[in-house]
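Those sequence lines, one after another, are chains A and B.
Letter 144 of the first sequence, counting from 1, is numbered 144 in my numbering, and no numbers are missing.
Letter 102 of the second sequence, counting from 1, is numbered 102 in my numbering, and no numbers are missing.
Because the hints were derived from the structure by calculation, they are not lab data.
Among these hints, one or two may not hold up.
Pairs of lysine-lysine residues, derived as BS3-like cross-links and limited to a Cα-Cα distance of at most 25 Å, are as follows [to be verified]:
#: 1; chain 1: B; residue 1: 119; chain 2: A; residue 2: 59
#: 2; chain 1: B; residue 1: 119; chain 2: A; residue 2: 119
#: 3; chain 1: A; residue 1: 171; chain 2: B; residue 2: 171
#: 4; chain 1: A; residue 1: 171; chain 2: B; residue 2: 108
#: 5; chain 1: B; residue 1: 119; chain 2: A; residue 2: 171
#: 6; chain 1: B; residue 1: 119; chain 2: A; residue 2: 136
#: 7; chain 1: B; residue 1: 136; chain 2: A; residue 2: 171
Okay, here's what each chain looks like letter by letter:
There are 2 protein chains.
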Amino acid sequence: MARTKRSGRRSGNPDTRAEILAAARSLFAAEGYGSISMRRIAAEAGVDPSLIHHYFGSKDDLFMAAIEIPFDPAPEVASVLEGGEIEGAGGRLMHAFVAIWDGPHQDKLLAMVRTSLSKPAMAFVLRNLFEHRIVKTIEATLGDKVDHIPVRAGFVGSQIFGLVVTRYILKLEPVASLGAEELAVTIGPTIDRYLTMPVEHLTAE
Amino acid sequence: MARTKRSGRRSGNPDTRAEILAAARSLFAAEGYGSISMRRIAAEAGVDPSLIHHYFGSKDDLFMAAIEIPFDPAPEVASVLEGGEIEGAGGRLMHAFVAIWDGPHQDKLLAMVRTSLSKPAMAFVLRNLFEHRIVKTIEATLGDKVDHIPVRAGFVGSQIFGLVVTRYILKLEPVASLGAEELAVTIGPTIDRYLTMPVEHLTAE
Numbered sequence: 001m002a003r004t005k006r007s008g009r010r011s012g013n014p015d016t017r018a019e020i021l022a023a024a025r026s027l028f029a030a031e032g033y034g035s036i037s038m039r040r041i042a043a044e045a046g047v048d049p050s051l052i053h054h055y056f057g058s059k060d061d062l063f064m065a066a067i068e069i070p071f072d073p074a075p076e077v078a079s080v081l082e083g084g085e086i087e088g089a090g091g092r093l094m095h096a097f098v099a100i101w102d103g104p105h106q107d108k109l110l111a112m113v114r115t116s117l118s119k120p121a122m123a124f125v126l127r128n129l130f131e132h133r134i135v136k137t138i139e140a141t142l143g144d145k146v147d148h149i150p151v152r153a154g155f156v157g158s159q160i161f162g163l164v165v166t167r168y169i170l171k172l173e174p175v176a177s178l179g180a181e182e183l184a185v186t187i188g189p190t191i192d193r194y195l196t197m198p199v200e201h202l203t204a205e
Numbered sequence: 001m002a003r004t005k006r007s008g009r010r011s012g013n014p015d016t017r018a019e020i021l022a023a024a025r026s027l028f029a030a031e032g033y034g035s036i037s038m039r040r041i042a043a044e045a046g047v048d049p050s051l052i053h054h055y056f057g058s059k060d061d062l063f064m065a066a067i068e069i070p071f072d073p074a075p076e077v078a079s080v081l082e083g084g085e086i087e088g089a090g091g092r093l094m095h096a097f098v099a100i101w102d103g104p105h106q107d108k109l110l111a112m113v114r115t116s117l118s119k120p121a122m123a124f125v126l127r128n129l130f131e132h133r134i135v136k137t138i139e140a141t142l143g144d145k146v147d148h149i150p151v152r153a154g155f156v157g158s159q160i161f162g163l164v165v166t167r168y169i170l171k172l173e174p175v176a177s178l179g180a181e182e183l184a185v186t187i188g189p190t191i192d193r194y195l196t197m198p199v200e201h202l203t204a205e
């Protein structure tokens, strides 16, 4: 048995996966997603870096597994954004938002948001999910039409996270009861504007 | 009966104030602010309703004391909104927002927001603070120029709560580091639009 204490981890035994996840969680929480390399996680877990690729694939995939996100919103966001015009992207995003949040994953999503907002040490979960999944997805789909996407995404995020809070946590009416099309008409234009307003003066680069 | 250990509550002894606060907190949490009368709180606390007025003044004042809000934002919101035009109200609100949130009460405000967002039973704190302090303040100051304020306030709230989350909890850049005037120019127009867009079709009344 392997775990007296840790012999055997280097072969592909079942504990290895858990060791890698525990190391990743602890490092992501302490220092954030961006500054932690796969090599660093491997060292912390005491395994060869190739095993991380074997078990989890990419660093993004490892992150998603480590934070136990109920599902990856990136493909839905991508399918709603790709191929369309900027004008109306906010409305399409609202339809995707309602499809995701009013769907079967609502409880798990809400639990993840509550946890991430309630403890400073857990903020990295939502922040990294947003920066490394959502922002990258927007860049991949709208990057040829929209500049400064990371900057704009912060404003889009400020509206989307606020919608989660008012609609699903505080349950403020009428926002809590509106349908997708009503949110598309009211909040969609806000997102369109954040995707098109001048932001050059806000970027440090 | 029963309450032998609590003799003397009806006179103004120091426990009375704590009894009233405990009763108010428990009733507000269980049933929300709107449906709980001063009489009901008095009955729960086992005191005469006049004592509540004696110790706390109005129901609003009792609510603020019960939820231990660090300070009442309503006067600041009122002073920023009154006397001005609708056009630009969002920008003025952003200046007030930064003055309040970047000020000495930030830690206490953040603790209150975290608590209210982390547990379903605590959502009433932010919801009632918003509905019964902020919305009423907007009605008192803009009510002669803007219709359907409770409806519009839900959208304004979705942007403001989201700004709190992205700027102070998730600390997404550049939103986390922008100054008041930059937020006034970027997010101000969103709020102006929520105060002026057509909302008749969203109201049940």
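Going down the list of hints, with the structure as the test:
Taken as a hint, the residue 119 of chain B and residue 59 of chain A pair is broken in the structure, with Cα atoms around 32 Å apart against an allowance of 25 Å. For the hint linking residue 119 of chain B to residue 119 of chain A, the alpha-carbon distance of about 12 Å falls within 25 Å, and the restraint holds. Note on residue 171 of chain A and residue 171 of chain B: the hinted pairing holds, with a Cα-Cα distance of about 24 Å set against a maximum of 25 Å. With a C-alpha separation of about 23 Å, the suggested pairing of residue 171 of chain A with residue 108 of chain B holds against the 25 Å cut-off.
The suggested pairing of residue 119 of chain B with residue 171 of chain A holds, with an alpha-carbon distance near 13 Å, which does not exceed 25 Å. A hinted pair counts as satisfied when its Cα atoms are at most 25 Å apart, and residue 119 of chain B with residue 136 of chain A does not qualify at roughly 31 Å. Between residue 136 of chain B and residue 171 of chain A the alpha-carbon distance is near 18 Å, which keeps this suggested pair within the 25 Å criterion.
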